[in-house]
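Chains as they are written, first to last, in this note's numbering: chain D, 181 to 401; chain F, 689 to 1136.
A couple of the hints might just be wrong.
[As the list claims (entries may be wrong)] To list a few chain D residues with every Cβ distance to chain F over 10 Å, as calculated:
id	residue
1	S196
2	G202
3	H246
4	R258
5	S287
6	L333
7	D334
8	E340
[What the hints assert, rightly or not] Some chain F residues flagged as far from chain D (calculated, every beta-carbon gap over 12 Å):
id	residue
9	S894
10	Q943
11	G965
[Claimed, not checked] Covered stretches of chain F, going by a simulated chain D footprint (3 or more residues, C-beta under 8 Å):
id	region
12	920-926
13	945-952
Keep in mind that the hints were calculated from the coordinates and are not lab data. All C-beta atoms in this analysis are idealised placements derived from N, C-alpha and C, irrespective of residue type, glycine included.
So the chains spell out like this:
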Amino acid sequence: MSDGPVRLRAVIADDSVLLRDGVVRLLQDAGIEVVAAVGDGDALVAAVGATVPDIALVDVRMPPTHTDEGIRAAVEIRRSHPTVAVLVLSQYVEERYASDLLSGDTSGVGYLLKDRVVDVDDFVAAVRRVAAGGSAVDAEVVRQLIGRTSRELDRLTPRELDVLELMAEGLSNTGIAERLVVSLGAVEKHISNVFTKLGLDPETSAHRRVLAVLTYLAERA
Amino acid sequence: MSRVVEDGMSDTGAVNTPRSETRPSTSWREAIDRWYRPLIVAESWLALGYLAVGALWAVAMVTVVAVMASITFGLVFVVVGLFLIVPTFALVNAMVGVERSRAGWVGEPIAPRPLRVPPDGSWFRSIPATLTDPERWRQVAFIVVYVIAAPLLFTLALTPWIILLGLFFGIAFDVTSADLVGIAVGLALAGAAPRITVAIAGVTRSFVAWFLGPDPTSALQDRVDELAEQRTVILDAVDAERRRIERNLHDGVQQQLVALGIDIGRARSRLDEDPAGARQLLDDALTKVRGAVGELRVIGRGLHPAVLDDRGLDAALSSIVGSASIPISVEVVLDTGLPDDAAATAYYVVNESVANILKHANARTATVRVGESPGPSGARAIRISVSDDGRGGADAARGTGLAGIRARVEGADGTLQVESPPGGPTTLVAVLPIQQLPQPLPPPSGVT
């Protein structure tokens, strides 16, 4: 379909065959090449080493212990192959996992609830964004962090809160404008207000902005 | 007239009304029969024997203790005596053990009172432990007290018999009018004497039980420890069960639903350009819906089957084996219905056992039986047996399934036995006591 000059190459790790096949087809529909699909963390690290894809999609719970194999594999991949983007898919929001993963450079890192796969277009957009060095943090994670810091955020208007959430999710200004159906100028104004109210340095790069916002939220939490 | 005379002759002191002529005589006979019955009942004479032998045994025990003690003391100074300390106490233990089991003559045998420090076989190393064990000295104290108490109690029991004999011989050879009182006393005493004997034997047995029997407080303490341990096991089992359910939901149903969502999402995005492909994806989605619904049904049934409430254990067990891939026969023979908790436990045991068989045993056929079984203290209990002709080698220490069954059964105060030699066959037997009084369940908040 979208045979652009750069055809994304992805590796998928998920022990549920049903789901793995679904995601593979989904990505193929979107013109993303799936170079390997595996069922556990060790196989994932090996596959990444062998194929060096643009992005690895990783399920958190995989054999043998069904706990956090995926997170450990993701951290390992970030360390051994910094050029490979990692998008972690989780059954539920676990802040500890999120902070493990996002505690460094958030470029090329994503953490999404598995259910997001169902919103095919948004999901594919997130995959592309992370693969291109951006980030994708699940709205649920952001909402939990914001929920715990509500007092500090009282000063923000509802619209500014929306913008903060979407920023933390990793969206660019354009992405935020599209999602909220407002003009780019309006988004930029909201962002500048948010950063001023929270006392943060305005950043231009989307993923550094994510880091700043997440760090702010985590520190206040 | 003649009829009345006849009646008067056959019925001592009967009133002359025809209606009541036989009644007083029957109750008189019954009363006399009842009063003198203890004389011919083995129980009475066994009680007398118990007291007599008790007195003799007490003397024997005290003699042995005295002899052993003096030998031991005498030889302590040439070291040899030290080696006799432990055997002496062992002998004391054995002798009071005889007295305990003798209690079976007049009631239940007395359960042993546990020694503080159990013997470890070495006659030398055990000396300090033996000498400092208060339970050992309690046994010695018993013998010392019993050698006085037992003859006294026996004498007390014997006294009415001696009076009776004295009256009998005194009157038999020379009856005077003054002896009428003696006869009356004798007649009364003949019924009373065996009763007195039995009562004194009962008192003696209680005395022995107090000295040598288990401490009721420590029995309660043991029970508390046991219950505390069971509680931990149950809480662990509940926790493991919740994790299992969570995993079944997340890894099973949720994955299926997400995969289903992907199909629908893909179908929607190609609806215009590729309707045939979209239709195919929707067909796939339908298949996944059926799979997810089926899986939910299995999970729900594993939690608590509606059929158990609606149609009872028999039907619920039949539904378990009905969906199994091998033929499994079910036989439920119960006198009356079961309380809900017992039925649920029985269901759980069978459900997990059958799941184990299907998963691991490689069996061709299996049998499930549920029936009545007398419990440990005569209370009602049910016996659940599940056997298969599979490869055996089931081990509760390894399989989480068996451990879960064990926790559930022991949590219900039941017992579980598993026989599973390598190569099979495997038989699992759970015996569950039925609580007569429904135990209120703790509120669910206590579990979390």
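Hint check:
1. Remark: the non-interface label on D:S196 conflicts with the geometry, its nearest Cβ contact in chain F lying 4 Å away (cut-off 10 Å).
2. Non-interface status of D:G202 relative to chain F is broken: a Cβ of that chain comes within 10 Å, the nearest being about 4 Å off.
3. With a least beta-carbon separation of about 7 Å from chain F, D:H246 fails to lie farther than 10 Å from that chain, contradicting its non-interface assignment.
4. Every Cβ of chain F is farther than 10 Å from the Cβ of D:R258; the closest lies at roughly 25 Å, confirming the non-interface assignment.
5. Remark: the non-interface label on D:S287 is consistent with the geometry, its nearest Cβ contact in chain F lying 27 Å away (cut-off 10 Å).
6. With a least CB separation of 31 Å from chain F, D:L333 remains clear of the 10 Å interface cut-off, as annotated.
7. Once the 10 Å rule is applied to beta carbons, D:D334 is consistent with being away from chain F; the minimum gap is 33 Å.
8. Even its closest Cβ contact with chain F, about 31 Å, leaves D:E340 beyond 10 Å, as expected for a residue assigned away from the interface.
9. A cut-off of 12 Å between C-beta atoms confirms that F:S894 is not in contact with chain D; the least separation is 60 Å.
10. At the 12 Å boundary, the C-beta of F:Q943 falls inside the reach of chain D, the nearest C-beta of that chain being 4 Å off.
11. A beta-carbon of chain D is positioned within 12 Å of the beta-carbon of F:G965; the least distance is around 10 Å.
12. With a cut-off of 8 Å between beta carbons, the region 920-926 of chain F has 0 residues touching chain D; three or more are needed, and the interface restraint is violated.
13. Restraint check on the region 945-952 of chain F versus chain D: 6 residues with Cβ-Cβ distances below 8 Å, three needed, restraint holds.
Consistency with the previously given hints fails for numbers 1, 2, 3, 10, 11, 12, ordered from lowest to highest.
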